[in-house]
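Colleague: So the chains spell out like this:
Number of protein chains: 2
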Amino acid sequence: MSFSFTLTHTDGAARRGRLETSRGTIETPVFMPVGTQGAVKALTHRHLEDAGAQIILGNTYHLHLRPGEALVTRRGGLHRFIGWPHPILTDSGGYQVFSLTDRRTVTEEGVTFRSHLDGSAHVLSPEFAVDIQARLGSDIAMVFDECLSYPVDHETARLSVARTARWARRGRDHFLALRARGTGPEGEPLPTPAQVQFGIVQGSVYPDLREESAARTRDVGFDAYAIGGLSVGEPSEVMYDVTAQTAAALPVDRPRYLMGTGTPADLFESVARGIDMFDCVMPTRNARNGQLFTRAGKLNVKNAAYAEDDRPPDEGCACYTCRTCSRAYLRHLFMAGEMTAATLNTIHNVQFYLDTMRAIREAIEFGRFDFLRQSFHQAWSRRPQDS
Amino acid sequence: MSFSFTLTHTDGAARRGRLETSRGTIETPVFMPVGTQGAVKALTHRHLEDAGAQIILGNTYHLHLRPGEALVTRRGGLHRFIGWPHPILTDSGGYQVFSLTDRRTVTEEGVTFRSHLDGSAHVLSPEFAVDIQARLGSDIAMVFDECLSYPVDHETARLSVARTARWARRGRDHFLALRARGTGPEGEPLPTPAQVQFGIVQGSVYPDLREESAARTRDVGFDAYAIGGLSVGEPSEVMYDVTAQTAAALPVDRPRYLMGTGTPADLFESVARGIDMFDCVMPTRNARNGQLFTRAGKLNVKNAAYAEDDRPPDEGCACYTCRTCSRAYLRHLFMAGEMTAATLNTIHNVQFYLDTMRAIREAIEFGRFDFLRQSFHQAWSRRPQDS
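So the sequence lines, in the order shown, correspond to chains L and E. Each residue of the first sequence is one higher than the one before, counting from 1 in my numbering. Each residue of the second sequence is one higher than the one before, counting from 388 in my numbering.
Hints listed in this document are in silico derivations from the structure and should not be mistaken for laboratory results. Treat the hints with caution; some may be incorrect.
[To be verified] Here chain L is said to cover these stretches of chain E; the calculated rule only asks that three of the stretch's residues, wherever they fall, bring their Cβ under 8 Å from a Cβ of chain L:
1. 428-439
2. 464-470
3. 487-499
4. 692-706
5. 711-724
[Claimed, not checked] From chain L, some residues computed to sit far from chain E (all C-beta separations above 10 Å):
6. 193
7. 281
8. 282
9. 308
10. 310
11. 318
12. 325
13. 338
14. 344
Where is the CB? At the ideal position from N, CA and C, for every residue including glycine.
The task is simple: from the sequences and hints, build the whole structure.
Modeller: So, in structure tokens, the structure goes:
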């Protein structure tokens, strides 16, 4: 096993660690840019390396539909196919198929769904999600879980937690069978034999169910654990409370991954509650919509106030965009519909997220995390540049 | 005057030269990527610098409408506004406004047109085209000419050549007045006091009219000369003949710019006829449509034949895309509608065009241009990868 996690510092509940994978070390807390279909939207991999990205996320649902995991395997796995030599985490596809509300049927076996691309019928099950990810050859695979929307009543959530636990067992058993055999589902060589698998805790916003789900997921026994079912519309304070409670119910010696989160404030608040890993489309999606994250708050480049503003988007940022572009230029490119605007904005937002994580890691090392966290909140509340 | 042109080598009619501008030296023959609205579509400036771009083109029509030359002047001129410290050539806007066939009225004074963006009314005249470009502060400004479509009858073309000559005189007089005064149209400081102005020869495909237009444009006297009204739908052989004839009618000691051309084959054939400068949207536009230019011919990345092709697009190319991406990956990104596909394809096509020009320059220096030209045609005709 080339997978290990070392906790190097703690500062309150905040943790500074080092996750070793067969493709290199990941310093935690870490933010993982989302490369849905094998690319982080509007960026090349070089932009990600320049920003210091340590690991990216790929979406099993999207890659299964197009180009298909069989093709990816024939290319030598996802890393070789897309030319990204660093770690990759793949989700299980669960979140996407459950989002297809009107296009899916859930049974104990798994989920039958129709593709958002062409309406073709597909099935995703705990075992098949393992197979797809084994064939993609990500470094970290996620177990297939049932993803609930928000709000949901307690009884529905209770039944779902039970199903997620049964699916976790099936998914883990299948994963371990492949690992023991050292080959893929049809005996083929695995692109990433050292792949590890994370379990996912569900339970909506109910403390008893989160407790139960954490216990049952730990009972199954995964390489590490994630918290799912948050950032789905619940109030921030609720998310923070559930995160704190769930994180505390997870093993101290394994990284804790809060899926699909979040705003910069969410990153600080979740690290403060013991989270080590994050992913979110917010920096990339908002960039394409003209919203930049800066040390002084959010900045909407389409705002007329920036038409003649010669300052960089974020005077404290060293990214290519901030080094070479004014707000006036970025606004012009955005208003003119130039694709380059999406690239420049995304370069900055990804750098901002990764810089934030770097600052958080350093602060934890020096026992100054809470000071950094308060400074961040003060800067963002004192001067919200734009809503 | 910091503008000078030195012819360093000739090889048949092909010319190798050096164009000195206040923002640096341009080695000719040169291809100028088109940065319509202040950005070369899908690229950042760093991509252009990596590819070795010496000069880019900006479109006066587009920049006048959005963000407007007044704003650009207040930002310190186009170079500072867009963060491109190397030379910029601006067209006069003539080509664009004449393309608005149903939205413009031509009089001796100039052209009244309605914006393609919001229908608002605007006027472009020989004098105003000078003013706008002075305010943008490009290094090379183009005179405002009448652009004819193809085909056009001899009489219409004759009248047009006469008008283009009268407009050339007005545009040149106005340009020289600003130059003498050393300020912009309202006495404001000029972003690029060393700006030079090129005249444009028209005359459609009629040798007598091309002869006349060349003579009248030379009589006005510009810093250098361009050939307009080609690459507008005429057969290649006609374009080559008109190019050869017109180039021969232009001063030997000034660079010759063939506007809006062309395919890689057009570059070779036009250099062979004495052309020094080119611009064209083909490498960038075709990239966004999935067409790559390679040493072995054109390659359409959407072709199913590339779905499992692990080779780079062009095995002889050292661009970022060819160093890091397979055809299979580029096809996947294109089919998946990822913006990154446009960026990666454009990086390659621009590199291909600039590599082609570098190879042409070197071949001329060694007296081997015709050998290179024949090798190119053989490679492209022997194995046209895709249509």
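Colleague: Would you check chain L against the region 692-706 of chain E, counting CB to CB pairs closer than 8 Å, and say if three or more residues qualify?
Modeller: Our answer is that it holds, as 3 residues pass the Cβ test (under 8 Å) against chain L, meeting three.
Colleague: Given as covered by chain L, does the region 428-439 of chain E meet the bar of three residues or more with CB within less than 8 Å?
Modeller: holds (count 6)
Colleague: Just double-check residue 344 of chain L for me: nearest Cβ-Cβ distance to chain E has to come out over 10 Å.
Modeller: 6 Å, violated
Colleague: Would you check whether the claim that residue 325 of chain L is not at the interface survives, using Cβ distances to chain E and the 10 Å cut-off?
Modeller: 6 Å, violated
Colleague: Just want to verify: residue 193 of chain L was marked as not at the interface with chain E; is every Cβ pair farther apart than 10 Å?
Modeller: 21 Å, holds
Colleague: Is the listed coverage of the region 464-470 of chain E by chain L valid when you require three or more residues with a beta carbon under 8 Å from a beta carbon of that chain?
Modeller: holds (count 3)
Colleague: Counting residues of the region 711-724 of chain E whose CB is closer than 8 Å to a CB in chain L, do you get three or more?
Modeller: holds (count 9)
Colleague: Should the label of residue 308 of chain L as a non-interface residue stand, given a Cβ cut-off of 10 Å to chain E?
Modeller: Per Cβ check, residue 308 of chain L is inside 10 Å of chain E; nearest 6 Å; violated.
Colleague: Run the C-beta distances from residue 318 of chain L to all of chain E and say if the shortest one exceeds 10 Å.
Modeller: 14 Å, holds
Colleague: Checking C-beta pairs, does the region 487-499 of chain E have three or more residues closer than 8 Å to chain L?
Modeller: violated (count 0)
Colleague: Holds or violated: is the Cβ of residue 282 of chain L farther than 10 Å from all Cβ atoms of chain E?
Modeller: 17 Å, holds
Colleague: Hey, does residue 281 of chain L actually stay past 10 Å from chain E on C-beta?
Modeller: Since the minimum Cβ distance to chain E is about 14 Å, residue 281 of chain L lies beyond 10 Å and the statement holds.
The structure fails to meet hints 3, 9, 10, 12, 13, 14 from the earlier list, while all remaining hints are met.
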